[in-house]
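Enquirer: Mind docking chain G on chain L? Use the hints.
Listed in order, the protein sequences are those of chains L and G. Residue numbering for the first sequence follows my numbering, starting at 26 and increasing by one per position. Residue numbering for the second sequence follows my numbering, starting at 73 and increasing by one per position.
Simulated from the structure, these hints should not be mistaken for lab results. Even glycine gets a Cβ: it sits at the ideal position worked out from N, Cα and C. Zero decoy hints are in this set.
A short, non-exhaustive set of chain G residues, derived as facing chain L with CB atoms under 8 Å:
(1) I110
(2) A175
(3) A178
(4) L181
(5) G182
(6) Y184
(7) Y185
(8) I186
(9) A195
(10) W199
(11) P343
(12) G344
(13) L355
(14) L358
(15) P362
Some chain L residues well away from chain G (every beta-carbon gap over 12 Å; in silico):
(16) A134
(17) V214
(18) T315
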Amino acid sequence: MPAGVFKERYSQLMAHLRYPIHWAGLVAGLALLLALPLAGSYAMSLAIDAAIFFVAAVGLAVTTGLAGQISLAQGALLGVGAYTVAKTLEFLAAHGGVPEGSALLLIPAAGLVAAAVGLLVGLPSFKLKGYYLAMASIAAQAVLMYLFQRVIDPNQGVTVPDKAMTLGGLYFGGGGAALYYLTIGVAAVMALVAANIGRSSIGRAFKAVRDNDVSASIVGIDVAKAKALAFAVGAFYAGVAGALYALYNISFGWDAFGLDTSIELLAIVLVGGASRIIWGPLLGVLLLHTGWSLLDDVVSGLPGVGLIGGADTVKYLVFGLLVAGFVVGEPDGLVGVLRRVKEYFRLWPFSY
Amino acid sequence: MVDSAALAVITFQSTVIGLVFAALGLGFNIVYRVSKSINLAHPAIVLLAVYVTLVASSYLASHGLASLGFALGTLVAAVVGFATGVAMEITIARPLRGRPPVALIAATLGAYYILKGVAKAVARDMWTTASYRLPGISISLGPVVVDATDIAAIVLAGGTLAALIVLHRFTRLGVAMRAVAEDPYGASAYGLPVKTLTMLSWGLAGLAGALAGVALASKTGVEPSIDLYVLEALAASLLAGLDSVAGIVVGGLALGFVRQMSNYFLMSWLPGFGDAAAFILMLLVLLVKPYGLFGTERIERV
Numbered sequence: 026m027p028a029g030v031f032k033e034r035y036s037q038l039m040a041h042l043r044y045p046i047h048w049a050g051l052v053a054g055l056a057l058l059l060a061l062p063l064a065g066s067y068a069m070s071l072a073i074d075a076a077i078f079f080v081a082a083v084g085l086a087v088t089t090g091l092a093g094q095i096s097l098a099q100g101a102l103l104g105v106g107a108y109t110v111a112k113t114l115e116f117l118a119a120h121g122g123v124p125e126g127s128a129l130l131l132i133p134a135a136g137l138v139a140a141a142v143g144l145l146v147g148l149p150s151f152k153l154k155g156y157y158l159a160m161a162s163i164a165a166q167a168v169l170m171y172l173f174q175r176v177i178d179p180n181q182g183v184t185v186p187d188k189a190m191t192l193g194g195l196y197f198g199g200g201g202a203a204l205y206y207l208t209i210g211v212a213a214v215m216a217l218v219a220a221n222i223g224r225s226s227i228g229r230a231f232k233a234v235r236d237n238d239v240s241a242s243i244v245g246i247d248v249a250k251a252k253a254l255a256f257a258v259g260a261f262y263a264g265v266a267g268a269l270y271a272l273y274n275i276s277f278g279w280d281a282f283g284l285d286t287s288i289e290l291l292a293i294v295l296v297g298g299a300s301r302i303i304w305g306p307l308l309g310v311l312l313l314h315t316g317w318s319l320l321d322d323v324v325s326g327l328p329g330v331g332l333i334g335g336a337d338t339v340k341y342l343v344f345g346l347l348v349a350g351f352v353v354g355e356p357d358g359l360v361g362v363l364r365r366v367k368e369y370f371r372l373w374p375f376s377y
Numbered sequence: 073m074v075d076s077a078a079l080a081v082i083t084f085q086s087t088v089i090g091l092v093f094a095a096l097g098l099g100f101n102i103v104y105r106v107s108k109s110i111n112l113a114h115p116a117i118v119l120l121a122v123y124v125t126l127v128a129s130s131y132l133a134s135h136g137l138a139s140l141g142f143a144l145g146t147l148v149a150a151v152v153g154f155a156t157g158v159a160m161e162i163t164i165a166r167p168l169r170g171r172p173p174v175a176l177i178a179a180t181l182g183a184y185y186i187l188k189g190v191a192k193a194v195a196r197d198m199w200t201t202a203s204y205r206l207p208g209i210s211i212s213l214g215p216v217v218v219d220a221t222d223i224a225a226i227v228l229a230g231g232t233l234a235a236l237i238v239l240h241r242f243t244r245l246g247v248a249m250r251a252v253a254e255d256p257y258g259a260s261a262y263g264l265p266v267k268t269l270t271m272l273s274w275g276l277a278g279l280a281g282a283l284a285g286v287a288l289a290s291k292t293g294v295e296p297s298i299d300l301y302v303l304e305a306l307a308a309s310l311l312a313g314l315d316s317v318a319g320i321v322v323g324g325l326a327l328g329f330v331r332q333m334s335n336y337f338l339m340s341w342l343p344g345f346g347d348a349a350a351f352i353l354m355l356l357v358l359l360v361k362p363y364g365l366f367g368t369e370r371i372e373r374v
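In isolation and in its complexed conformation, chain L is listed as follows (with noise of 0.2 Å):
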């Protein structure tokens, strides 16, 4: 990396890739997801489920790291969108046939679906902040599981058929390599867009709303609509996230969408680092999602965790020790801590 600044175009300055590291890490990331089928297919669906819970998660970072208004109904939004689907379909297949492919249609509007009900999520945010607008993000997460029990899902247990899921020969359902390019494919999309969206006019204004909503409705912003985008727009992710949730567990219950999901997003946003909206959630997803699919059958067989009851109590106490540690001493997350491991390098060997 280049210790000076060498930019003589705006458009240079603004743009995704700068360095050359850039395009090499590109390159190489682009090899690795295309490649990463020939790993088999449990790499497969450990990439699946961290691609969905990665999409999840950065429409999190958008409504919490970069608009300021924390959520804790990301997990319930989740389940909006794989409901939507599930529904949908089980509708269709009710009333004359499930057409083929179907369900891949339904992936947008099961974004649309759950931004418009995380319109009604975010609702109290006109009125409230901080701690306030947290409780109410955990009671509509409660109420949209209530509806999932009681109403939606009675029978705690939905399908997608397999028809819906089939296009063109292809089975885009389970942990198939055909669900992996798409599912790999729209978490790229979706993480262009939302680091897009941090650098216009709409990311300013969630930015100043974040930092001073007062001052932001002073200098003209409109609040209420900055902050109704933020919480449509996060839902948004989580809607798409929990549709390709649902093609990709083809059964499905409420059990998945419930409180514990919504702080473990939150928890993966905040220890990955909600300052930075991509690369905080694909690290925070990676180490508490994918690294705990990881290490599960490991600390089940180590000696002694059957004497504090279990691997959950291992992973109970490392998720908090790690949460709470980020957030006492390294508010800036695991982005903060590779920030400095990025800085001492660029000055090494000659560092003061």
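Expert: Chain G in isolation, oriented as in the chain L frame:
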């Protein structure tokens, strides 16, 4: 329509549950007063205390102290609750003083995970549904039958509420704690040990949570998801106003009645609506009167 005997039973049960909710919510309010933050780890303190009581009482029962098991177990839980509150103040609240709300929310969520893990490690093979061993007494007051679970809940929740409200209102220590809550800089200028008093407040909140948790668990039974009730108690805190200590009794009773009545009267149309009723109440309070019935309205200056 509803006959008067059933109504009497429902009213009694609502009152008991309401008292328990008030005691559960008390911890949120005490912490909010001194640290101006919601302690989202409070549900896990309750969870921990509930299982500590279970483990301690069964340990004592296996050593021939079955009759004292529950009482001593509750005592152990109270000590654990107090210590947890103090530890949280030192490790989380103190370093995060003056940081934005999201930091404290996240840190207490981290503490929530840790305490849940500790509770699971303490419970080990008892991490299931269970119930405390209480003497099989019951008193009939007309149609209402009061059994040992009701008595335990009333004594523990009512006692906790009364003791802490009296402490806050009428003792020198309470006056000092109120002074610290109102204006920490002013209080320290008058020579009050602000750090110690803040720590003590967190400890008392943990203590209240532990005793209220045992009251709740003797009523509903011990279960790993008992911490969700404590989130419902947040509605009671909000209704009372987060910085009001005595108002929590009104908030808790209101929540108890809303919950039980909607469970009873809406049973055939909306089963289990009581669980959601608390959160709908919470949303309504937040939208209509965010500072609650007895809370002080904060005026924001830029």
